Amino acid sequence: MPPRCLLRHLIGALAAATPLAFAGLTGCARATTAPAPAPEVSSAERPQYPSTYQRHPSAPVLIRNATLLTAAGPEQKNASILFADGKIMAIGADVAAPPDATVVDGTGKFVTPGIIDTHSHMGVYAAPGSPAESDGNEATNPVTAQVWAEHSFWPQDPQIPLAVAGGITVIQALPGSANLIGGRSATLRLVPARTVQEMKFPGAPYGLKMACGENPKRVYGQRPLGPSTRMGNMAGYRAAFIEAERYRDKWDRWLRDHKGNPPDRDLKLETLAEVLRGHILPHIHCYRADEMAQMIDLSKEFGFKIRSFHHAVEGYKIADVLAREGIAASVWDDWWGFKMEALDGIPENAALLERAGARPIMHSDDPGVIQRLNQEAAKAMYAGRRIGINITREQAIRWITANPAWALGIDSTTGTLERGKAADVVVWSGDPFSVYARAEKVYNDGWLLFDRADTTKQWKTDFNLGTAAPGVGR
Amino acid sequence: MTPRTARLPMRAGLALGLVFGAVPVSAQTIAITNATIYPVSGPKVEHGTVLFRDGKISAVGTNVSIPSGATRIDAEGRWVTPGFIQSGTTLGIKLLESGGLTQTAEDSLGGEINAAFNVAEGIDPASLTIPVARLEGITGTVAVPSYGLIRGQGVWFDLVGDRLEDLLVKSPAAMVVDLSETGKSAGGGSRAGSLQKLRRVLRDALEYSRRKEDYRRGQMQPLSASAEDLEALEPVVKGELPVLAFANRRSDIENALRVARDFKLRLIIWGGIEAWQTAGELAAARVPVVVEPLTNVPTFDALSPRLDNATLLRAAGVTTVLAQHDMAHFRDLRQAAGNAVRNGLSWDDALRSVTLAPAEVFGLQDRYGSLEPGKVANLVVWSGDPFEFSSRAEHVFIRGRDVGTESRQTQLRDRYRELPPKF
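Taken in order, these protein sequences are the chains called D and A. Just so it is clear: in the first sequence, position 307 is 307 by our numbering, and no numbers are missing. Just so it is clear: in the second sequence, position 205 is 679 by our numbering, and no numbers are missing.
Simulated from the structure, these hints should not be mistaken for lab results. Since the structure is predicted, the reported quantities are computational estimates derived from the model, not experimental observations. C-beta atoms are modelled at their ideal positions from N, C-alpha and C, and glycine is treated no differently. Take these hints with a grain of salt, some might be off.
[Unchecked claim] Rough simulated footprint, nothing fancy, chain A against chain D, three-plus residues with beta-carbon under 8 Å:
| no. | stretch |
| --- | --- |
| 1 | 334 to 340 |
| 2 | 370 to 384 |
| 3 | 427 to 437 |
[Said to hold, decoys possible] Just a sample of chain D residues kept apart from chain A, beta carbon distances all over 10 Å, derived:
| no. | residue |
| --- | --- |
| 4 | Q48 |
| 5 | T52 |
| 6 | P74 |
| 7 | S130 |
| 8 | M234 |
| 9 | K305 |
| 10 | K317 |
| 11 | A468 |
| 12 | P470 |
[Stated by the list, open to error] Taking beta-carbon pairs under 8 Å as the criterion, some of the chain A residues facing chain D (in silico):
| no. | residue |
| --- | --- |
| 13 | V538 |
| 14 | I540 |
| 15 | S542 |
| 16 | G543 |
| 17 | W553 |
| 18 | D598 |
| 19 | L602 |
| 20 | T773 |
| 21 | M801 |
| 22 | R805 |
| 23 | S864 |
| 24 | R875 |
| 25 | T879 |
| 26 | Q883 |
| 27 | R887 |
| 28 | Y890 |
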């Protein structure tokens, strides 16, 4: 057994196990002597809805003579990539195919890592949209840290295979933005599954969805307890984290020696305590620059690190601050003007963030845009070039692969084409930054989940059955 | 019986039946030389010249004599196309879509039968959306009302000018009707009920148009809509003004075709998500379709969308217009057209679908949609293929005037280009 898996056993035996320590241990779950499922994260000593993800067995694949955008270095022309057992085995000019390998001619084609979306509501706001499937906002209280997106997630959402056909391999499924603190996110592999547990990315830390600005104050503004203003929003976050500090301290004291009865569990505070401990990564819906600065001060007041701002349409106004603080910005290219706090969105946002040394990510928040995140990155790349910021394809591909992998805490496992990384691979018909390029083959952990040339390899959800639509490829 | 009041509504100047004169906003003579010209009405012209003066195109070709005193722009091989038309938006009549900011929305009257509602006077020529759209090569739009079974009248306007009289091109350009899920409330919650109501109003419009004198004298049964609305429907039931029918489900599209047949309406299908299933029938009835080519998420309104909808419609011979309606994305028309090509539409058809096709559909093909002598000089000089992300609109001319490449967004960009910003 490799030492990292041993570590997992040890950590699994500990209370308050850190999910970050699990990052990169995906292989261990498939060890022949399967360990008992370890708690993923909790201050409680009991299983926490563990991942039951199993890699689908697939023959090795060699893609030959393609242009590789690895997201980990320079573009490689006329190169080959070999993957087997869900892992990238070799990359280079001259890679030999094992006898049982499927060989794909990559002439004229581009190969990139699987695309990762930090902001999806698929599964929690499933199609077809209806009150019956509207499970993304627990809009009953402005602070609902106790809810988990995975408990809403419907694996048969027909939006999922559409995203796969756009090259998406991993998403963060988020609660909506009605609440100041909306609940836990779930990082999921987009694979056919009967249960969300089968999609949960092994070892991925949880995220916490928070929201600034217009949405919470609009949703709660007419209710007795509010908040109805931005200052009310801030007071709400602070009150919640003050409670969470007390809860964390109480539990940490008990966890040191296990003396007496454990404190009462409180799901809401358990999640917030894990944020304070650094085990859950905060993802904050925030449009305006001044509000992002307020949230940074909030994080300093309580000693946690914000992982990524989402939407951040004014990120460019504080690109220097985001770079200094090491906070990623999950942005669209050009959404703007649909609400007041989105008024100042500009297409150069990502390029200006990149130039400042911050970490831009193209995210979707939309079942249509998620199918074309490569196009969002393309628009943003060329917008930068037009004002003299020479964003390269090597940089722009990171906006939809390596950077979101970092934001989700899974970058040691996926997000780049490198030896040892997961075989999350997309073959494109041409330059993925052209409007005419199409994802031709999408491999998720080595599993060919979409093949444009083969209708038998175009997964349909249960919901898709019985409708006239021909499937995801068209 | 309580007869309706006796006064006939006046034919309001802006609201009804007017095609505006395309006031030239530039008296300049401009020659774009050495261009790769896509006139749409004819084949591509290499190393060509487009000459325009007084807001109208005067010559297009390789052998154009340029008057002395003309401003010359050497395109150095860059691409020139007609300006793009965004068909069926709230561009210019709404800024913010969410957040409850009604101050910026002029697109809705609230009722179910709003035939007399014309959005023209809600247009804000200073809307922040207009310069942003122009930067993407969009030079004109068909602005339409939202909400209601008969939503009201959409208008075609050019994205230039300070006053309504300057920018309006055709008002009304279409009567907008909603036969989709969102129009159901007018029928008490059923599509069939909405259709019943629509037919009743159309019958009354016919009756009203035949018996205005009786109406004036109070000698008619009560009608299902106000005289003002029935008056507005007169050009519709006479087949003069097209009905832009929002319909996505195959059966809704077929309902629209049935009503149009019964009342001899000029029909345009708008939305048309499942139109691919009934493409043959649409082609036979010569009914054009306005589609959003990026729509493919199933809804209960349309469970069978597909990305190659426009491709299949064109293949069947349907006149197809491409559009991108909603606020956050209206600027992405060229991306939408590029994606239609990605999904099988020919490049030429895609270009036609955002230029000449909308002009034909809304009855402005004599003045808009292609680069031909006599047409309004709405054109764009692109750095390359207009559908590609790598290209940009370098010059945008509307009625012969270079509208520049500045917007509030470029000003924000320049302010924050170096941090700290220059306030």
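Hints versus structure:
With a threshold of 8 Å between beta carbons, the proposed coverage of the stretch 334 to 340 of chain D by chain A holds, since 7 of its residues qualify and at least three are required. A stretch counts as covered by a chain when three or more of its residues have a beta carbon under 8 Å from one of that chain; for the stretch 370 to 384 of chain D and chain A the count is 7, and the coverage holds. With 5 residues bearing a CB less than 8 Å from a CB of chain A, the stretch 427 to 437 of chain D meets the requirement of three and the coverage assertion stands. Every CB of chain A lies more than 10 Å from the CB of D/Q48, the least distance being 32 Å, so the non-interface label holds.
In this structure D/T52 is separated from chain A by more than 10 Å, as the shortest Cβ-Cβ distance comes to about 28 Å. For D/P74, the condition that its CB be more than 10 Å from all CB atoms of chain A holds, with the nearest at approximately 20 Å. At roughly 7 Å from the closest C-beta of chain A, the C-beta of D/S130 falls inside 10 Å, breaking its exclusion from the interface. Its beta-carbon lying about 19 Å from the closest one in chain A, D/M234 satisfies the requirement of being farther than 10 Å from that chain.
The non-interface label for D/K305 is consistent with chain A: the shortest C-beta to C-beta separation is roughly 22 Å, beyond 10 Å. Distance to chain A contradicts D/K317 as a non-interface residue, since its nearest Cβ pair spans about 5 Å, not more than 10 Å. At roughly 4 Å, the least C-beta separation between D/A468 and chain A is not larger than 10 Å, which violates its mark as non-interface. Listed as outside the interface, D/P470 is inconsistent with that label: its C-beta sits roughly 6 Å from the nearest C-beta of chain A, within the 10 Å cut-off.
Interface restraint check for A/V538: the shortest CB-CB distance to chain D comes to about 31 Å, outside 8 Å, so the restraint is violated. Contact between A/I540 and chain D, as hinted, is not supported at the beta carbon level, the nearest pair being about 30 Å apart and thus beyond 8 Å. A least Cβ separation of about 35 Å between A/S542 and chain D goes past the 8 Å threshold, and the interface hint is therefore violated. Restraint check, A/G543 versus chain D: the minimum CB separation of about 33 Å is more than 8 Å; hint violated.
Given the 8 Å rule on beta carbons, the hint for A/W553 is violated: about 15 Å separates it from the nearest Cβ of chain D. Among the interface hints, the one on A/D598 is violated; its C-beta lies about 13 Å from the nearest C-beta in chain D, farther than the 8 Å criterion. For A/L602, the suggested interface contact is upheld, since its CB lies about 7 Å from the closest CB of chain D, less than 8 Å. Because the closest C-beta pair between A/T773 and chain D is about 5 Å apart, less than 8 Å, the hint holds.
Here the hint on A/M801 is kept, as its CB sits about 5 Å from the closest CB of chain D, short of 8 Å. Annotation: A/R805 was flagged as interfacial toward chain D, and the flag holds, the nearest CB pair being 6 Å apart, inside 8 Å. Look at A/S864: its Cβ gets to within about 5 Å of chain D, closer than 8 Å, so that hint holds up. A distance limit of 8 Å between C-beta atoms decides the matter here; for A/R875 the minimum to chain D is near 23 Å, and the interface restraint is violated.
A least Cβ separation of about 10 Å between A/T879 and chain D goes past the 8 Å threshold, and the interface hint is therefore violated. Evaluation of the A/Q883 hint against chain D yields a held restraint, the C-beta minimum of about 5 Å falling below 8 Å. Given the 8 Å rule on beta carbons, the hint for A/R887 holds: about 5 Å separates it from the nearest Cβ of chain D. With its C-beta approaching chain D no nearer than about 5 Å, A/Y890 sits inside the 8 Å limit, and its interface hint holds.
Comparing the model with each numbered hint stated earlier shows that hints 7, 10, 11, 12, 13, 14, 15, 16, 17, 18, 24, 25 do not hold.
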